[in-house]
Every structure is written in structure tokens, then in C-alpha cells.
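K.L.:
The chain contents come next:
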Amino acid sequence: QSVMTQPPSVSGTPGQRVTISCSGSSSNVENNYVYWYQQLPGRAPKLLITRNNQRPSGVPDRFSGSKSGTSASLAISGLRSEDDGDYSCASWDDSLTGYVFGTGTTVTVL
Amino acid sequence: QLQLQESGPGMVKPSETLSLSCNVSGGSVSRSGYYWAWIRQPPGKGLDWIGSIYSSGSLYYSPSLESRVAISVDTAKSQVSLTLTSVTAADTAVYYCARQGFQHEMDVWGKGTTVTVSS
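Chains A and B supply the protein sequences, listed in that same order. Sequential numbering from 372 applies to the first sequence in the numbering used here. Sequential numbering from 6 applies to the second sequence in the numbering used here.
Check each hint, because a few of them may be wrong.
Simulated crosslink set (BS3-like; lysine-lysine; CA at most 25 Å straight-line) [claimed, not checked]:
no.: 1; chain 1: B; residue 1: K82; chain 2: B; residue 2: K116
no.: 2; chain 1: B; residue 1: K18; chain 2: A; residue 2: K417
no.: 3; chain 1: A; residue 1: K417; chain 2: A; residue 2: K438
no.: 4; chain 1: B; residue 1: K116; chain 2: B; residue 2: K18
no.: 5; chain 1: B; residue 1: K116; chain 2: B; residue 2: K50
no.: 6; chain 1: B; residue 1: K116; chain 2: A; residue 2: K417
Everything labelled a hint here was simulated from the structure, so no lab data went into it.
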């Protein structure tokens, strides 16, 4: 099972702001970069946030990442229908000497 | 523009060996500073890292799969390969390959290939 925990689902109405938490440990989140991936229905994952809070080219500024201690968060502001999908955090884990993904969160735009 | 394309048998019988390839185009598979990773996603479940191979040849495998998995790079064919032995129904998943940067960001993904383990 994953060592990084996310809420199974979050929902909001268009225009709202939602946040997704990612709870890890000192061997991953606290001492390594956190990444966020977006997976739209039927599609491959896409890098959404890199190095805790950086947006790759082309990612709207509605998406933002933050990290504090052993937890990280992804915020989506101005929620839009096309944001429906799954979001996963990820980080390198020094104890496992491997990459770990969070449990994943489904975002539903009501 | 770097593109990755996975390919494989689609269906494998229990206890057999699964072999997948990831064709890399628009860039060099031997470019320094990058890993090549395999990730899988069982039906209705989250992403599961399988392993990564660095441009120097260093390998990192998921502890839960380490005894059954092998990843290699064929620079002549510009391919990254995955071999998984003694498969069971639990290995049924969509398998993705991805480019993994030195800081571990997976910035380019293939579209994935579906593998079903069934007799």
C-alpha cells in the first residue's frame, strides 16, 4: 500500500477553490520534492506541479502546490468542468530507495 | 518533441513472463541526466511505480516487485524494456513508461498499454 495518503475524493462547483492534501513522512515528502500528476478520464497522467510548487510550461496558474513538513497540498482555484479527473501526489522515498505515488484523489466538478 | 509509445502482448497467461517495450522517439534514450521509468495502474486503482533505470545504467525497483522485474535500455533500438516474471491476475493493469528527470519529475508519459493476465 502507498505510504502517501490522499483523500479519496473532493468536489466543488464551477469557480470554487478546492484543495487536495497529501500526507507523507520524513523519508519522502519532508525531505524530497513533491510532484502532482493530473489524470483525465481515459488519459495518461500529466505532470501538473513539479518541485513542490512549480508549474510546467502550459499549466494554468489556477493550479498551485505547497509543502510544509510531511504534508503537501494541491489547490485548484476557479474550478472548471475540464478539471474533472484524478490527481496524485508523488515523491522519492529515501527509505524505500524508490518513487512513491499517493493514493490518489478524484475531483468532481458538480 | 519527445514521444513514448508502449507496446506489448495485451494478454498473458498466469505464471508466464510479461515483456513490454517502450519506443522512444524525438530524443535520445541514452541522454545523460534522465531516468526511464515504468509505472502501472490496475483497473480502478492508483498509480504504482515499478522501477527506473538511469542513463548510466543504475537500476531502482519497487521493493514489492524487485524479485520478479527487470528493466533495460537498448540504445540501438531506442527502446526501454520491462520484463515481469510469474505474473498473476494482480498484475493486470495499464502499463506506462515515462521519462524521469534527475530530480525525479516524470515529465513525459506514453499513452499506456493494457495488459490482462488470464488463462
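K.L.:
Are the hints correct? Go through all of them and say.
P.N.:
Against the structure, the hints:
The suggested pairing of K82(B) with K116(B) holds, with an alpha-carbon distance near 19 Å, which does not exceed 25 Å. Straight-line distance between C-alpha atoms of K18(B) and K417(A) comes to about 31 Å, which puts the hinted pair past the 25 Å bound. Under the criterion of a C-alpha separation no larger than 25 Å, the hint pairing K417(A) with K438(A) is consistent with the structure, at around 20 Å. Restraint check for K116(B) and K18(B): the C-alpha separation of about 23 Å stays at or below 25 Å, so the hint holds.
Among the hinted pairs, K116(B) with K50(B) is consistent with the structure: their alpha-carbon atoms are about 17 Å apart, no more than 25 Å. Distance check on the hinted pair: K116(B) and K417(A) sit about 10 Å apart at the alpha-carbon level, within 25 Å; holds.
Against the hints set out earlier in the document, a violation occurs for number 2 only.
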